[in-house]
Amino acid sequence: MAVAALYYAATVRIPVSTLGGEVGPHVFPTVLALLLGIAGVSMALRALFARRPIAVKASDEPASEATPLRAFGLLGIGALYIPFALLFGYVPALFLLIASIALYEGATPSWRMAVIAVAGALLFWLLFVALLGVGQPQSILL
Amino acid sequence: MIELLQAFTLLTTTPLIAVALLGLIWGILGGALPGISPSISMALLLPFTYTLDPMLAIVLLATAYIGAEYGGSIPAILIRTPGTNAAAATVLDGYEMRRRGRAGEALGISLWSGVVGGLVGLAMLILLTEPLSRLALAFRPMSYFALGLLGLSVIASLSGKSLLKGAAAAILGLMVATVGTDPNSGVGRFTFGSPELLDGIAPIFVMVGLFAVSELMTRSGVAVSAMGKQEPFRVRLPSFGLMKRLKRAQFIGALIGTFEGLMPGAGGSIASFLSYNEAKRWSKRKEEFGEGSPEGIAAPETSNNTVASTALIPLLSFGIPGSNSAAILLGGLLIHGLLPGPRLFEENGDIIIGLYTGSFVAVMSLLVVGILVLPVCIWLVNRPRPYLSGFIFALVLSGIYTVHATLFDVGIVLVAGLAGYLMRFFGFPFLPAVLGVVLGELIESNYRRSLDLSGGEHAIFLEDPIAVGLMSVAVLFVVGSLLREGREAMRARKGVSP
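Chains A and B supply the protein sequences, listed in that same order.
For the first sequence, the positions run 6 to 147 when this note's numbering is used.
For the second sequence, the positions run 161 to 658 when this note's numbering is used.
Don't take every hint at face value.
Taking CB as the label site, the calculated pair distances span [said to hold, decoys possible]:
#1 A/Leu11 - B/Ala283: 47 to 53 Å
#2 B/Lys407 - A/Val46: 42 to 48 Å
#3 B/Ile531 - A/Leu85: 38 to 44 Å
#4 B/Arg543 - A/Leu53: 45 to 51 Å
#5 B/Ser632 - A/Leu50: 28 to 34 Å
Chain B stretches covered by chain A per the calculated footprint, using a threshold of three residues with CB under 8 Å from any CB of chain A [said to hold, decoys possible]:
#6 336-347
#7 540-546
#8 561-569
#9 576-583
#10 602-608
Sample of chain B residues at the chain A side, in silico, Cβ under 7 Å [what the hints assert, rightly or not]:
#11 Thr172
#12 Leu324
#13 Ala327
#14 Ala328
#15 Ser380
#16 Phe551
#17 Gly616
#18 His618
#19 Ile620
Read the hints as simulated data drawn from the structure, not as lab findings.
Positions of the beta carbon are idealized from the N, C-alpha and C atoms, including for glycine.
Work out the full structure, taking the sequences as your base and the hints as a guide.
Next up, the structure:
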């Protein structure tokens, strides 16, 4: 319901265009906001009036096996890739990403681990930059 | 007969086989890398085609397309990351089989289904180009809108145990699809002043975030012993018995793939989801779907590999590129001064025969290339998990960056990963959301175009027989699923009553 309300608030800001035709650019988003609102209310009512507690798992997706904090920690390491790639460039940032995730997931700090992370970063550079010829982030310091 | 002789001559007097193999391997590599879509794989080859003979240039591009459509299934099965949009439906049962130590079998099924789909698509391309291209022309905006609704109706059976949560997830997906420049009016929507969002949010970002990043988060810190069985690094092609079992799912996939390939804009993603849904509906072992069903891999893989060939029908017949990949192929034709259309078949028959022959070589070579390459992939995903997680994250972030060359997209994928983790936590299914993102633009733009044509009269949807037919099927799907959910709820209630 909160997402529906926020989305609706953003929908109101869509500018009106004379090129919009019979159905303007805001109509479809407005309908979606309403539908999500209805779905949210239905879910809330269903939970409220359920005779017995409804099981949380209604999805075919396997439930999380990691604690939320641990999972968010991993995402945080992934997010650090963005400033590191901007600062140091592709290969160093990738080395840091592989090494820090390996450590976070239980690898023992060692020369072997460092070599694997360096080899991994170089391998991806070879694959994407040298072989496929597609660009990767470059350091703003260089 | 003359055509067969021409094909044989091409095979023996030109480097056609080598070019087809090169295109295939390049395509598989591109398709297997998340973010490198089939069209990007082909676009990267385009500069090399300038100096090639026109026939070889077209074969190189077409076989890269075939390889990329197949390649998308490899990461979908092994690391829960669809390499292409069309491979999203393969994730469901493919990754589940891999988790249960059956990666070799899952890859074998996808390989075999890729070959079946490729051959069916090629047969349709060679034999039925003319009648099928007429069918493609019969589709109007109303039909496309109805096709989108039909695709969306699949959420009824992809929603797991709660249709309501599935519907909410699909609406969230549709909301994501509205971000960016409105295709009809050019107005920016939900961009919040960010130029990076003007292009919208590509479906692959949502898929990679929901599936791959959330999977890494979910498994973070889990003991290796709890991660599923290790297995031999061997690809197991389906046994004769399994092939017989897969026939129905492959037939469904090929049929839907043929139909969807013809529709410009529909593409392999809708075909894969619809095929998965129909294979489940008609399967004798419905309960296995989502738990590692071989048919759950066979149907979408046959379907999207059929699309790789049938998508060429509107391109070659009328010059209508139905997808980005077809547009790149059109570019390849134009570079060499070849204009698609009926005259292409009359004046450049050798190029068409070369295209068919090269595609046939590529499809048949899939088996050999797959058997050689896939064991390495299985070996890679069986490395110690701490390193594997790091490498998967690195692959995902590198691949995503290549789409628009901006770290902003990396941020979108991480946000999608967080959303996926939360959806999983609260029991929302992913596939309806993915379907919403994929179908949003198709549904909205064609709905609006239809109303522009009719001057705002909704009756136009009832005047189009194709639209009426497709919408009727969609309604049947939804009603059937609602009845099934109601029946199951009643049964569960009776079960717990004293």
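Results of checking the hints against the structure:
Range check, A/Leu11 to B/Ala283: about 50 Å between beta-carbon atoms, so the 47 to 53 Å window is met. Checked against the given bound of 42 to 48 Å, the beta carbons of B/Lys407 and A/Val46, roughly 46 Å apart, stay inside it. For B/Ile531 paired with A/Leu85, a C-beta distance near 40 Å keeps the hint of 38 to 44 Å intact. Between B/Arg543 and A/Leu53 the beta carbon distance is about 48 Å. The supplied range of 45 to 51 Å therefore holds.
B/Ser632 and A/Leu50 have their C-beta atoms about 31 Å apart, which keeps the hinted 28 to 34 Å range intact. Restraint check on the region 336-347 of chain B versus chain A: 6 residues with Cβ-Cβ distances below 8 Å, three needed, restraint holds. Restraint check on the region 540-546 of chain B versus chain A: 3 residues with Cβ-Cβ distances below 8 Å, three needed, restraint holds. Only residues whose C-beta sits within less than 8 Å of a C-beta in chain A count toward coverage, and the region 561-569 of chain B has 4 of them, enough to reach three; the restraint holds.
Taking a C-beta to C-beta cut-off of 8 Å, the region 576-583 of chain B contributes 4 residues in contact with chain A, enough for the three needed, and the coverage statement holds. Here's how the region 602-608 of chain B fares: 3 of its residues keep a CB closer than 8 Å to some CB of chain A, so the rule of at least three is met and the hint holds. Taken as an interface hint, B/Thr172 does not check out: its beta carbon lies about 31 Å from the nearest beta carbon of chain A, beyond 7 Å. Interface hint status for B/Leu324: upheld, as the beta-carbon distance to the closest one in chain A is roughly 6 Å, under 7 Å.
At a threshold of 7 Å, the smallest CB-CB gap from B/Ala327 to chain A is about 6 Å, leaving the interface hint in force. Look at B/Ala328: its Cβ gets to within about 4 Å of chain A, closer than 7 Å, so that hint holds up. Because the closest C-beta pair between B/Ser380 and chain A is about 4 Å apart, less than 7 Å, the hint holds. Restraint check, B/Phe551 versus chain A: the minimum CB separation of about 6 Å is within 7 Å; hint holds.
A least Cβ separation of about 4 Å between B/Gly616 and chain A falls short of the 7 Å threshold, and the interface hint therefore holds. Restraint check, B/His618 versus chain A: the minimum CB separation of about 10 Å is more than 7 Å; hint violated. A cut of 7 Å between beta carbons decides the hint on B/Ile620: the least distance to chain A is about 11 Å, and the hint is violated.
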